[in-house]
Amino acid sequence: MAHSGGDSIGEIPYRPVFVGAMKEELDALLGRYPTKMAALLPTLWMVQRERGWVSEEAMVEVAQVLELTPAYVKGVVTFYTMYHQHPVGRYFIQVCTTSPCGACGAEKVVETLLDKTGCGDLGATSPDGRFTVIEVECLGACGFATPILVNDEFIESVTPEKVPQILSQFK
Amino acid sequence: MADTPMVTLTIEGREVQVPAGTSILEAAKVAGVLVPHYCYHPGLPVAGVCRMCLVEVEKAPKLAPACATAVADGQVVHVHSESSLKARQGVLELLLINHPLDCPICDQAGECELQDYTFREGRAEGRLGPEPKRFNPVEDFGGDVLYVPNRCILCTRCVRFMDEVAQEPVLNVSERGDRAVIGKFEGQDLTHAWASNVVDLCPVGALLSKDFLNKARAWELDRTPSICPNCTQGCNSILETRDNVVVRMRPRSNPDVNQWYLCDEGRLDYKWLSPATRIEAPLVRQADRLSAVDWDVAIRAAATMLGGSRVVALVSPMLSNESLYAASRVVARTGGTGVFRVVTGPEAPLPGVPDLALRTERAANVRGAELLGFRKSATPLDEVRAGDVLLVVGETLTPADAAAVARAGQVIVIASTLVEDARGAAVALPTSTMAEEEGTFTNLRGRVQRYFQATAAPGMSRPAWWILADLLTQLGEPTNFFVAGEVFAALAAAQAEFAGMSYDVLGLKGQVTSGARVAEEAAR
Amino acid sequence: MGYPHKTHPKETPILSKYFGEPQARTLEGWKQRGGYRALQQALGMTPADIVNVVKESGLRGRGGAGFPTGSKWSFMKPGDGKAHYLCVNADESEPGTFKDREIMRWTPHALLEGTAIAAYAIGAEVAYIYIRGEFTEPLRVMEAAVKEAYDAGILGKNAMGSGQRIDVHVHRGAGAYICGEETALMNSLEGRRGNPRIKPPFPAVAGLFGQPTTINNVETLAAVPHILNNGAAWYKALCLSNPKSTGSKLFSVCGNVSRPGNYEVTMGFPFKDFLYDLCGGPLPGRKFKAVIPGGSSVPIQTMEEAEGTLMDYEGFVAKGTMLGSGGVIIFDDSQCMVKHIARFARFYAHESCAQCTQCREGTAWTTKILERIEAGGGTMQDFDTLLELADNMTGKTICVLSDSCAAPVVSGIQKFKHEFEAHITGKRCPYRATAAA
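Chains as they are written, first to last, in numbering that gives the first Met the number 0: chain P, 0 to 170; chain S, 0 to 523; chain U, 0 to 436.
Here are the simulated distance ranges between beta carbons:
#1 Glu387/U - Pro131/S: 13 to 23 angstroms
#2 Gln84/P - Glu387/U: 35 to 45 angstroms
#3 Asp26/P - Pro131/S: 41 to 51 angstroms
#4 Pro429/U - Gly12/S: 46 to 56 angstroms
Lysine-lysine pairs mimicking BS3-like chemistry, simulated, CA-CA at most 30 angstroms apart:
#5 Lys35/P - Lys76/U
#6 Lys288/U - Lys161/P
#7 Lys286/U - Lys107/P
#8 Lys156/U - Lys81/U
#9 Lys85/S - Lys414/U
#10 Lys243/U - Lys58/S
#11 Lys28/S - Lys198/U
#12 Lys318/U - Lys61/S
#13 Lys161/P - Lys286/U
Derived by calculation from the structure, the hints in this document are not laboratory data.
Note that the structure is predicted; figures quoted are calculated from it, not measured.
Cβ atoms here follow ideal geometry from the backbone N, Cα and C, with glycine treated the same way.
Bound-form chain P, shown alone (with noise of 0.2 angstroms):
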């Protein structure tokens, strides 16, 4: 999904997530809880979704909206791998690495998309904006290496040869 922006940069203010829709879908999860705090993770989760990233002005805002501290907000932020605390390519793609995927070929899958994506580097974001490549931990699908996860959508026994025609496919 692409991010629409909204954190500010340089002059332009920030503008709230949790307004109209977003408030609602928020009221809706609280009610699953019996407190605020629980709702943490599902709403880091909706600023990623709304933004692309969770800034340090949505931490605050989320600290806001949960009754916490901007401060505990980070502290959990920082535990989890998936959320982002940096803008990412329009995709982002994380590939396993992890040694059973490692045994498999994974290294090829990983160079072969930093090279077709044009990130070059792992975690850098190409030239057109379009991608940032990761390797992450076990994704959980061991038996279909080499899996990779682009943005929400998770792909199986992806191989250095099937590498272009996956990307052609995220514009």
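Since chain P is already given, all that's left is putting chains S and U on it; use the hints.
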């Protein structure tokens, strides 16, 4: 509490009885055995993460964390067995993997628990290969606190203090694995009124006081039990001195007053205890200028002034009970009145501890002054009528006092420093600061607590009670006090509220006055 | 098994029977396959009776520890006036394991049905299914199934018209292996860092939100409807030799093998047949070298050990390892064991929650030493250091992540020491085609 069943167990061969629910670590303290630990602190929720306190419990399959394991009847615990020692050596080795060996430039050196336990029990040689150590830059946490992440052992005492005791969660653990550090949010600093306690709680040199930074080596310091003089709470403290100068004030544990804590304002306001400019000799006005004279000359001069006139005694609520008692007798002897004023500021509680706050009244002995007959007033010098003698004891005159000072026939100042607005005094008598004497304060709950002499008073200066006692003698009411304890004994004999008290009875934790005791019991 | 292979004749397809059939995903399709009969039946029984049936079946936890499920449920005391919770552990993150993923992808209602039965049996009105953040497809499928079940009145204030409230919510993780540890999962669900908690208190006393809580693995719960439908005796009879391990078990197979995927066999199945028959043996021209049979946290087996193993809880223990999560990782003779052991250590170092000293520092140090050996910079002293470090990391921390990092190191050095020595003496990895000059 009386119903809590007792549990009997054996720790290092010593049998102890403790209430059920006690941790092995606390039970070991009762047995006189220290179980080495980092993350455990009696004032904080148990984290059980440093794993330093692993002990061998007979018949248990694994080593048990002493901080998080409750005692059980018949338990046999070994703290110094081979397996627990080996486990501690393992923890120490791992804590040093990424810890810089920068003890020579670390403020914590000499009072560092990582250093101490490594010295006592650590491996003789390191096994770290060519791998570089983790590096993170020093961070200013705001307030008086610096964070040196490279030295941090992630015990999380600071985080738990801010979460549970200060109840202002501004610290966190960020990241995970060996990348983890203590973090805070940009723009939200450690500005809580009690935040500096994290520096004391830190068992290593990861959290440092900016005020104390690079000031002294821990082993150069002399430590004296004291009472923080900076508000009416009466927090128990330790004055740390080097070369006769107070360089740091830290909390001293007293469960009835301040548990383990001291507020930032209190602890950082210690420099006046070793002032740079002092009166070092008694001064008497001769030919329009103050000249140094011997004590007996000065006392005679002051007594002569006091003898004939009405006396208004402006005393400081920072004075000891002993000095205030002596002042009250001077007032009684000469006829007149005793008054005082108190500097105030916003109250700042420590939410996690009942009845603990930086109090509005920023002076140690407001209660003592009241009990000894001094009247509190915002404008105490309104008492001064033309021709009165103004006796200023320990209090600082300001430009706002000029009219009253002018109204008084004579001004006698008993002080450690002669401020500009007191320079018109006829007699100025040098006193010690509270760091330079021993005495007692009465806190806002009526607890009378001792403080001890930490530094030597300069020149000819003396405790105020001594000067006032000499004045009394000169005024025809002979006194025979040689040490502060004798003044306190006389006070206890004369004042019902202090009945039965003595320095021996007060000890290091103090005792509440009879009135406060009645009030406490009524509250129960 | 249906997906991606046809079911092998030697499999016992119970949980995996409908893998690969998209119709089984829907409520309608699931009902046509006998779905929700067990829940209907359960809601007419007393919770204690359900617990007894599960106890009698011999079902044990499929997440790794193998604790008897009925006993676990019996720790919960319905009617104690407290809110009870059920947590469903769908944080399948153990390298080599991907069975719960398939259960959720293909038979979401099997999990929901088992969840609802378990919730009722332990007196919980609310259950949370905690799915790891990377499982985007299982998440979508489970959410759709939950919606269907609510719309049909199977879940909600009056589950299947029984008057019983059973709410089930899907909760998404966000990338943390350790959240598969039960108390870490609870912390994560509460909106905290996924730090494991000190036990006691155990979850049945004070778990999620401080209330009595039971936590079960996806595969465990998915088996429950079958047990109620067919009876405890039927399940107990699914057993080839050892009455302590009953039922069918999904094994995930990955690594250097002809037919990776999920296979469901009866407990006690011979591992040799499993590896060579069901999974098709090694890739052409290759030979198996080592197997990690229960996910990356269990000791490595040589082929000699593996080929003599019976696939159940006790069978794996008898051969020096554990059944664990049932994730079978196979390495053939083209693979460098030092490299893979180092890579596993790196995994644990990445995933350590940072609480316990031995884990936070030990996993990272172990990784550094192993990677140095792999790169040709090792010394013979490194063996002592690694083994002593592993001992330091075993049995001394809040959870077993640290132990899990140590297990493959110890077994790797024991069983493949010659490969380590070849790296040290040759000052390079003998498996690298292009060695540094």
